[in-house]
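Chains W and C are the protein sequences, given in the same order. Just so we're on the same page, our numbering is the position in the first sequence counted from 1, plus 2. Just so we're on the same page, our numbering is the position in the second sequence counted from 1, plus 190.
Hints were generated in silico from the structure; no laboratory data involved. Ideal Cβ positions, reconstructed from N, Cα and C, are used throughout, including at glycine. Take these hints with a grain of salt, some might be off.
Far from chain C by the CB rule (all over 10 Å, computed), these chain W residues [stated by the list, open to error]: (1) S104; (2) Y143; (3) E166; (4) T197; (5) I211; (6) E214; (7) D328.
For lysine-lysine, the following BS3-like pairs were computed, each having C-alpha atoms within a straight-line distance of at most 27 Å [said to hold, decoys possible]: (8) W:K261 to C:K629; (9) W:K309 to W:K289; (10) C:K373 to W:K144; (11) W:K261 to W:K230; (12) C:K629 to C:K643; (13) C:K324 to C:K233; (14) W:K118 to W:K304; (15) W:K118 to W:K289; (16) C:K233 to C:K259; (17) C:K215 to W:K270; (18) W:K261 to C:K517; (19) C:K643 to W:K116; (20) C:K324 to C:K373; (21) W:K261 to C:K259; (22) W:K289 to W:K116; (23) W:K270 to C:K259; (24) W:K270 to W:K116; (25) W:K261 to W:K118; (26) C:K248 to C:K259; (27) C:K259 to C:K215; (28) W:K297 to W:K20; (29) C:K575 to W:K304; (30) C:K324 to C:K629; (31) W:K239 to C:K373; (32) W:K315 to C:K324; (33) C:K215 to W:K261; (34) W:K301 to W:K289; (35) W:K304 to W:K289.
FRET-style restraints, in silico, Cβ to Cβ [stated by the list, open to error]: (36) W:E17 to C:G271: 46 to 52 Å; (37) C:L630 to W:M189: 46 to 52 Å; (38) C:E253 to W:D300: 31 to 37 Å; (39) W:E316 to C:D608: 43 to 49 Å; (40) C:L213 to W:D300: 52 to 58 Å.
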Amino acid sequence: MAARKSTRKPNVSAEELKEYYREMLLIRRFEEKAGQLYGMGLIGGFCHLYIGQEAVVVGLEAATEEGDKRVTSYRDHGHMLACGMNPDGVMAELTGREGGYSKGKGGSMHMFSKEKHFYGGHGIVGAQVPIGAGLAFADKYKENGRVTFTYFGDGAANQGQVYETFNMAALWHLPVVFVIENNQYAMGTSQQRSTSTKDIFHRGEAFGIPGEIVDGMDVLAVKAAGEKAVAHCRAGKGPYILEVKTYRYRGHSMSDPAKYRTREEVQKVREERDPIEHVRELLLSGKHASEDDLKAIDKEIKQIVNKAADFSKESPEPALDELWTDIYA
Amino acid sequence: MATEILMPALSPTMEEGTLAKWLVKEGDTVSSGDIMAEIETDKATMEFEAVDEGIVGKILVAEGTEAVKVNTPIAILVEEGEDASALPEAAPAADAGNEAAPAGSSEAPAPAAAAPAAPQVDLTPDWPEGTELKPQTVREALRDAMAEEMRADPDVFLMGEEVAEYQGAYKVSQGLLDEFGDKRVIDTPITEHGFTGIGVGAAFGGLKPIVEFMTFNFSMQAMDHIVNSAAKTLYMSGGQMGAHMVFRGPNGAAARVAAQHSQDYAAWFMQVPGLKVAMPYSAADAKGLLKTAIRDPNPVIFLENEILYGRSFDVPVLDDFTIPFGKAKICREGSDVTIVSFGISMQFALEAADKLADDGINAEVIDLRTLRPMDTGAIINSVMKTNRLVTVEEGWPQGSVGSYISSVVMQQAFDYLDAPVVNCTGKDVPMPYAANLEKLALVTTDEVIAAVKEVTYR
């Protein structure tokens, strides 16, 4: 698989670059495994895979500091792994087991980790956007210098509450980075068929929120943009929008007939713009890593993912009295 | 090592499908992500991708085969150098390799069984005997409750339309901006969906928001955040995080504001697990319950009433006066019939009881005060004594609070009933504007009296 030549010189150390490779590969292999477990009937309901979009969360997590928050939609497995949540706990939540992050009661779309400042995992398109601004509101109130990354897709960008939130976030100078993960398809409807503006971040201009387009298939470009956005927020200048152009290789959810785009379109992105191949190329061509080094990483990731899958099968179903717990604090 | 490739489930409901087309043949090398086959389900034709790397050793199910059960082996993947021909034929049973979640769990344990005997009821008075009382309006009581809690806890703040500079659309937040400043008393734009979501996010972030709806009619714009985001997150997160917050504002009919501004939401919110719902009548209850609501770690719906804002009631002069949730108040003791109500409808219940006393009917009147949790024990206890029950509320009849109470009483005190329960409710119509029709649409004291006479066969 030939990756495109990067125009960007890595502005990070070889170790960091290897770490991004490792994290992106973890997400991809984890998602492939989740797809497999879904096929076996071990994961039920809705399951939205992140394959193809890995550079977005890995690049942005590289721009965060301890204590920064993140919140996203139902396509959330990548975000959870990138912010350091345990793959065992995430996979066991997918299989609906006691060892899952929500004790099996949330599932793929509803997972949280207070410890890692991950605030979900929200199943209603666009609902996480005011919630993310609310988290930023709490940080501003507490004057703790934290920033919230609020992820949503090009589909959610047409929800009214997004613009209600833009208005208040700008008005109140909330430290929130709005990350539009533009994978070009809202379920099966292409951006061009659903969205009047070509570049969605321009909509922020109406509220005085600055923003930019980012190449979401280039983890280094994402990291650089993330650092700029975070600096803006931490300086008390209010919200910032990153419209990260990315691509989802798999269907919207597991049950996606894929009739709204051609196989060639998907194949072309995979072959020419794959974010993991891109880093692999940088590592090899810059002699930062050998084939053997990368093979060792591949092997390590495979072990982590297999362990997560085993855990997710072995962990028992929640005890029956869990039906009645966690309704009230 | 050879790996079996199983017929995948490609939708939440798929049990079998047609293997429409193989896109690989025996001997082909595949890597993860490569499309191996097209599979037709009941909904659509979908592509099936390889997860593992390897060589297609054997295709076990020919293309065009219909009704292939999920988890049936359809091909075998081998590693380089492995001999596919030596492989055994796949087990025919569809169950082979089926690791699907352990089969149907037995019935979940039910919560505490129905009370067989007289339930335990908390009859302690709301304040100690001899406490000094002073008359106060509901409006002032609510304001004092918020001010006291904001003084005690810096994480409590108030947000909503016109709560700050305007001093509250109904003057409930009068003076709060002066005392607490614009960091903690926040005017929002008119954008209920958005600011409710921001309030929920702030609660997830550790603050204790009081979100004021100018009236609860506008909360419908924000229903998704109240129900999906605030009420369900504690459960969905396995107890990790929830929304410590209050949603408050006037609820129900005011006067002559017609259909879109006159609705009682008690029954709507009462239905949602994860929410608590309070609906006070008196100023003392308004104060004591609002202070409890602000301290409660769960999302609380606090339903006030515009007409009651200006009414005065005795309020105890105490440094820190609270009323627990789930404790009804017996406002008048009686032995002939139980009248249960809450919120503004209490005035009809009490007026009716006064008039009925003149006719020699001695009614017991219970103010529920909170609808979730609901003090059903107090109702049952009373019905065991009076054997007759009338409920009174402003909301619509279908799926009303009264219909829920009726079902509880029927299940837990059926043998004690000497007459069918009657629910007095608002009429089953949108609120009309015309003064005479509005009056007809609302529940009245006369209707309560008639209902009591019906159940007492007078």
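Report the numbers of all earlier hints that the structure fails to satisfy, in ascending order. 1, 2, 3, 7, 8, 9, 11, 13, 15, 18, 19, 20, 22, 23, 24, 25, 29, 30, 32, 36, 39 and 40
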